[in-house]
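With the sequences and hints as input, model every part of the structure.
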Amino acid sequence: MTKYEPQLSAIFQALSDPTRRAMLAQLAMGPVGATELARPTGWALPTVLRHIAVLEAAALIDTEKIGRSRMCRLRPETLNATAGWMATQRAIWEAQTDRLQAYVETMMQDDPHDH
Amino acid sequence: MTTELILSRVLKAPRAAIYACWTTPEHMVHWFMPKPHFIDNITIDLRPGGRFDSTMHVDGAAFPSLGCVLDAIPDRRFAFTDLMTADFQPVASPGLGFTATIDLSDHDGGTLYHVTARHRTPEDSQKHEAMGFSHGWGVVATQLEAYAGTL
Chain A
102 MTKYEPQLSA IFQALSDPTR RAMLAQLAMG PVGATELARP TGWALPTVLR
152 HIAVLEAAAL IDTEKIGRSR MCRLRPETLN ATAGWMATQR AIWEAQTDRL
202 QAYVETMMQD DPHDH
Chain B
96 MTTELILSRV LKAPRAAIYA CWTTPEHMVH WFMPKPHFID NITIDLRPGG
146 RFDSTMHVDG AAFPSLGCVL DAIPDRRFAF TDLMTADFQP VASPGLGFTA
196 TIDLSDHDGG TLYHVTARHR TPEDSQKHEA MGFSHGWGVV ATQLEAYAGT
246 L
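Residue numbers (our numbering), protein chains in the order written: chain A, 102 to 216; chain B, 96 to 246.
No lab work stands behind these hints, which were simulated from the structure alone.
Among the clues, some could well be false.
To be verified - Residues on chain B that point at chain A, a partial pick, calculated with CB under 8 Å:
id: 1; residue: L102
id: 2; residue: L106
id: 3; residue: C116
id: 4; residue: T119
id: 5; residue: V124
id: 6; residue: W126
id: 7; residue: V210
Think of the CB as a built atom: it goes at the ideal place given N, C-alpha and C, for glycine as much as any other residue.
Laid out in structure tokens, this is it:
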């Protein structure tokens, strides 16, 4: 579990920026080149390349240099890891409720007139 | 992606006993954290805006945790958050960033225990504080292990 920790931090940081989320939304429709990805943002290519680097570092996308263009491709399995984060929160609550149940039942047996 | 978590379970104990477990430090130390981790220095001021503070000990490291009571209706409801400290003071950088409401109602043979936990969306989370996040995951691993052992 612990090994996912840096990855999740990087994912959340990458997702915190609306431009990068828009880029991911576009990539969800299929791989595109960096120049094409830059067009709707109205930002300079170097700025967009920096966003691409953040997304790639978080393993949210893959990139590949093809000729003079950098092709970008979504890695959907990474977003599934964040969905796993919610599953983890559930597991915490379930496990805690198990302990509460065990404890409160013991408490009732030990001191049934106290409550 | 949804960030709201709902858990409902029937516990074989009266509402008052479960409320006491959640709001009394002497009881909380026995169940709140999975062994070998533990919690101490618990302060609970049972009123909306009251402090809900503790120290969590995980893998030998101590993590102070500050929170705020949002609602405290005896034997019925307890709600708290780590997004604020006492008197609804917002915190600069919360650990997990959540609100939790525990609702208790009568049910055949015991109490219907209903938890609603609401989390910040990952988009809002920004970069997690290293401490808060690693703490969370350290607990998770152990709890998952304990939980798996009960299956």
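Results for each hint:
| no. | hint | result |
| --- | --- | --- |
| 1 | L102 | holds, 5 Å |
| 2 | L106 | holds, 5 Å |
| 3 | C116 | holds, 5 Å |
| 4 | T119 | violated, 10 Å |
| 5 | V124 | violated, 10 Å |
| 6 | W126 | holds, 4 Å |
| 7 | V210 | holds, 6 Å |
The structure is inconsistent with the numbered hints 4 and 5, although it conforms to all the rest.
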